[in-house]
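Number of protein chains: 2
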Amino acid sequence: MRAIVIERPGGPEVLRLVERPDPAAAAGEVRVRVHGSGVNRADLLQRMGRYPAPPGWPPDVPGLEYAGVVDAVGDRVDPGWVGRRVMGIVGGGGYAEALVTPASTVVPVPDGLSLVDAAAVPEAFMTAYDAAVLQMDLSAGETLLVHAVGSGVGTAAVQIARALGARTIGTSRTPEKLRRAEALGLEHAVHARDASGWAERVRDVTEGRGVDVILDLVGGPYLEGNQAVLAPGGRHVVVGVTGGRTATIDLRALMARRATLRGTVLRARPTAEKAALAEAFARTVVPWLADGRVRPVVERTFAPEEAARAHRLMEANRTFGKLVIVWP
Amino acid sequence: MRAIVIERPGGPEVLRLVERPDPAAAAGEVRVRVHGSGVNRADLLQRMGRYPAPPGWPPDVPGLEYAGVVDAVGDRVDPGWVGRRVMGIVGGGGYAEALVTPASTVVPVPDGLSLVDAAAVPEAFMTAYDAAVLQMDLSAGETLLVHAVGSGVGTAAVQIARALGARTIGTSRTPEKLRRAEALGLEHAVHARDASGWAERVRDVTEGRGVDVILDLVGGPYLEGNQAVLAPGGRHVVVGVTGGRTATIDLRALMARRATLRGTVLRARPTAEKAALAEAFARTVVPWLADGRVRPVVERTFAPEEAARAHRLMEANRTFGKLVIVWP
Numbered sequence: 165m166r167a168i169v170i171e172r173p174g175g176p177e178v179l180r181l182v183e184r185p186d187p188a189a190a191a192g193e194v195r196v197r198v199h200g201s202g203v204n205r206a207d208l209l210q211r212m213g214r215y216p217a218p219p220g221w222p223p224d225v226p227g228l229e230y231a232g233v234v235d236a237v238g239d240r241v242d243p244g245w246v247g248r249r250v251m252g253i254v255g256g257g258g259y260a261e262a263l264v265t266p267a268s269t270v271v272p273v274p275d276g277l278s279l280v281d282a283a284a285v286p287e288a289f290m291t292a293y294d295a296a297v298l299q300m301d302l303s304a305g306e307t308l309l310v311h312a313v314g315s316g317v318g319t320a321a322v323q324i325a326r327a328l329g330a331r332t333i334g335t336s337r338t339p340e341k342l343r344r345a346e347a348l349g350l351e352h353a354v355h356a357r358d359a360s361g362w363a364e365r366v367r368d369v370t371e372g373r374g375v376d377v378i379l380d381l382v383g384g385p386y387l388e389g390n391q392a393v394l395a396p397g398g399r400h401v402v403v404g405v406t407g408g409r410t411a412t413i414d415l416r417a418l419m420a421r422r423a424t425l426r427g428t429v430l431r432a433r434p435t436a437e438k439a440a441l442a443e444a445f446a447r448t449v450v451p452w453l454a455d456g457r458v459r460p461v462v463e464r465t466f467a468p469e470e471a472a473r474a475h476r477l478m479e480a481n482r483t484f485g486k487l488v489i490v491w492p
Numbered sequence: 165m166r167a168i169v170i171e172r173p174g175g176p177e178v179l180r181l182v183e184r185p186d187p188a189a190a191a192g193e194v195r196v197r198v199h200g201s202g203v204n205r206a207d208l209l210q211r212m213g214r215y216p217a218p219p220g221w222p223p224d225v226p227g228l229e230y231a232g233v234v235d236a237v238g239d240r241v242d243p244g245w246v247g248r249r250v251m252g253i254v255g256g257g258g259y260a261e262a263l264v265t266p267a268s269t270v271v272p273v274p275d276g277l278s279l280v281d282a283a284a285v286p287e288a289f290m291t292a293y294d295a296a297v298l299q300m301d302l303s304a305g306e307t308l309l310v311h312a313v314g315s316g317v318g319t320a321a322v323q324i325a326r327a328l329g330a331r332t333i334g335t336s337r338t339p340e341k342l343r344r345a346e347a348l349g350l351e352h353a354v355h356a357r358d359a360s361g362w363a364e365r366v367r368d369v370t371e372g373r374g375v376d377v378i379l380d381l382v383g384g385p386y387l388e389g390n391q392a393v394l395a396p397g398g399r400h401v402v403v404g405v406t407g408g409r410t411a412t413i414d415l416r417a418l419m420a421r422r423a424t425l426r427g428t429v430l431r432a433r434p435t436a437e438k439a440a441l442a443e444a445f446a447r448t449v450v451p452w453l454a455d456g457r458v459r460p461v462v463e464r465t466f467a468p469e470e471a472a473r474a475h476r477l478m479e480a481n482r483t484f485g486k487l488v489i490v491w492p
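These protein sequences, in sequence, are chains A and B. According to the numbering used here, the residues represented by the first sequence are 165 to 492, in order. According to the numbering used here, the residues represented by the second sequence are 165 to 492, in order.
Certain hints may be false.
Covered by chain A, per the in silico footprint, the following chain B stretches (three or more residues, Cβ under 8 Å) [what the hints assert, rightly or not]:
(1) 173-180
(2) 377-390
(3) 415-423
Looking from chain B toward chain A, a few residues come up when the C-beta cut is under 10 Å (computed) [stated by the list, open to error]:
(4) Pro396
(5) Arg399
(6) Val402
(7) Val403
(8) Gly404
(9) Gly427
(10) Thr483
For the record, the hints were derived by calculation from the structure and aren't laboratory data. We put the CB at the ideal spot given by N, CA and C, even for glycine.
My request is simple: use the sequences and hints to build the entire structure.
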C-alpha cells in the first residue's frame with residue numbers, strides 16, 4: 165500500500181508518499197481499503213511534532229479519519245464485514261491506502277453517500293454530535309452558538325442542531341464563510357471582527373437571554389465573551405483552541421450562571437468509548453446522512469501526492485468545510 | 165416574632181434584633197417555628213450589600229438555612245405537617261424565629277438529631293451532596309479532593325464521600341483543622357501553605373493519577389493547581405471563591421484531560437429544583453444522619469443578640485464546622 169508519512173517534524177514539505185506493507189487485521193479488527201482520508205487541523209500539529217499519536221497507532225502516518233471498504237477481518241470478527249462500505253475515526257494512520265481498526269468503532273456508510281464525501285464525515289460530525297448533543301445535552305428549542313462556524317466541525321454542528329430542532333448562532337471572522345453557513349441552515353450569522361464585539365451581537369440575537377450550549381473551536385481569546393453570553397445553566401464545550409490556549413476565567417460568574425465548561429478530544433479515548441460513540445452515531449446521525457438532512461461539506465479533494473498542498477491550504481485558514489485526500 | 169435584620173450595608177454592627185409580625189403561610193407553603201439558624205459565609209456578603217436575596221424572599225433578613233417545627237400550613241398543604249421537625253434551605257429570612265417556605269423544599273429531621281445540630285445540616289450537606297454526588301457523579305472507589313476541608317461544606321463532603329465509599333483528600337491552611345477533619349474520616353490531609361505547593365502533595369498521594377472530583381470553596385488562587393491534579397475525565401465543581409474570583413485557565417489542558425469545570429449555587433434555583441434536591445437528599449443523606457454515619461459539626465452556638473459576634477468569628481476564618489444561632 166501507499167502511505168503518507170512524516171519524515172521528520174516540520175512544515176508541509178516533510179510529508180512523503182511511500183510504499184509500506186499492508187497492515188494485517190488482528191483479533192477484533194477489520195482492515196479497510198481506504199478511498200478517502202479527511203484532513204484535520206490536528207494533523208498539522210502532529211506533522212510539527214506537537215501532537216504524537218497515542219500508543220497502538222502508526223506513529224509516523226497522520227490522519228484521524230477514513231472512508232473505504234473492508235477487505236479483511238481478524239479473529240472474532242464476522243467475515244460478513246468484508247465488502248462493506250465503512251467510515252470512522254482512528255488514532256492515526258488515516259493517510260494510507262489501507263488501515264486496521266477495531267471493528268467496534270466502524271460506522272456504516274449509507275448508500276447515497278460517496279466514499280469521498282464519507283471521508284469528510286467522521287471527525288467533523290462525530291465531534292460535533294458527541295460534544296454538543298451527547299456531552300452537553302443540546303435539546304430541541306435550545307440555542308447553540310458555534311464559533312468558527314465555517315470549519316468542518318462548525319458546518320456539521322449547524323446541521324445537527326437543525327436536525328434536532330435547536331436554534332443556531334455562528335461566528336466567523338470571514339463574511340464569505342458566514343454566507344455559506346447560512347446556506348446550510350445557520351439562523352444567525354455573526355461576524356467576529358475582534359475578540360469581543362461578537363458577544364454583544366449574540367446577546368441581542370437572543371434578546372438578552374444568552375445561549376444554552378457553546379461549541380468552541382477558538383478557545384482563549386473568546387472566553388470572556390463566552391462567559392458573557394452563556395444563559396443560566398449553560399454548557400460550554402471546547403473542542404479546539406486555534407485562537408490560543410489560555411485566558412482569564414471568572415469563577416464567580418461561572419457559579420452565578422451555574423455554568424459548565426468542558427474540554428474534549430476524541431483521539432485519546434479508549435476503544436470502548438469510541439465504540440459507544442460509533443454506535444450512538446450510527447443510530448442517530450447516519451439516518452440523517454442517508455436521507456440528506458445533514459451532509460458533509462467537501463471544499464476540495466487532493467491526490468495523495470498533494471498532501472503538502474492540502475496542509476498549506478488548511479494552514480491558510482481560508483477553507484470552508486473539509487479537505488479530503490483521495491486514493492485512486 | 166424576633167428577627168435579625170440588616171439595618172444598612174456594613175460590618176457586623178449593622179445586624180439588629182427586632183420585632184416583626186409572624187409571616188403567614190401562602191398556598192403550598194409551611195410556616196416553621198425556627199429553633200436554629202445556620203450561619204453561612206454568604207450571609208456576610210449579603211450584610212455588606214454584595215449578595216442580595218432573590219425575589220420572593222425577605223430582603224433584609226439574612227439566613228439561608230433553618231431547623232424547627234412546622235406550626236401552620238397554607239392552602240393545598242397537608243395539615244399533617246403541623247408539629248413535624250423539619251430543616252431546609254431558604255433564599256433568605258433564616259435569621260428569624262419564624263419563616264415560611266415551600267412545603268416541597270422541606271426535609272424531615274431524623275429522631276436522633278437535635279434541632280440545633282439540624283440547623284447546621286442543610287447548606288453544608290445539601291451543597292456537598294448536590295455538587296459532588298448529584299452533579300459531579302462522585303462514585304465509590306473514586307477520589308474526592310476537598311479544599312477548605314474545615315468549612316461546613318468541607319466537613320460534610322468528607323463524611324458523604326466516606327459513606328459512598330469514595331477516597332478523600334482535603335486541604336486547609338490550618339493544621340488544626342486538618343487534624344479535626346481526620347477525626348471525621350478524612351484519609352489524606354494536605355497542608356496548603358501557599359497557592360500551589362499542595363498540588364504536588366496531592367499528586368504524590370494519588371501516585372500521580374490525580375483526583376476524580378474536586379469540591380472547591382477557594383476558587384481563583386487554586387485553579388492552576390486544580391488543573392494539574394485532575395485525573396482524565398475529572399470534574400471540578402466550584403461552590404465558593406473565598407480566595408478570589410478570577411484565574412488563568414489552560415483550555416488545552418482541559419481538553420487533554422477531558423475535564424469538566426462547573427460553578428454552582430443553591431440560592432438562586434427555582435423552587436422545583438430545590439424540591440428535587442430536597443427529595444433526593446431526604447432519600448439518601450437523611451438515613452445517614454439518622455444512623456450517625458454522617459453528622460453535622462457545630463463549632464459554636466450563639467443567642468440571637470450575638471449575631472454580630474457570630475459574623476466576626478466567621479470572618480476571622482478560624483472556625484471548624486458550623487456556627488448556629490439558637491432561638492430559645
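A quick look at each hint next to the structure:
no.	hint	result
1	173-180	violated (count 0)
2	377-390	holds (count 3)
3	415-423	holds (count 9)
4	Pro396	8 Å, holds
5	Arg399	9 Å, holds
6	Val402	5 Å, holds
7	Val403	7 Å, holds
8	Gly404	8 Å, holds
9	Gly427	3 Å, holds
10	Thr483	22 Å, violated
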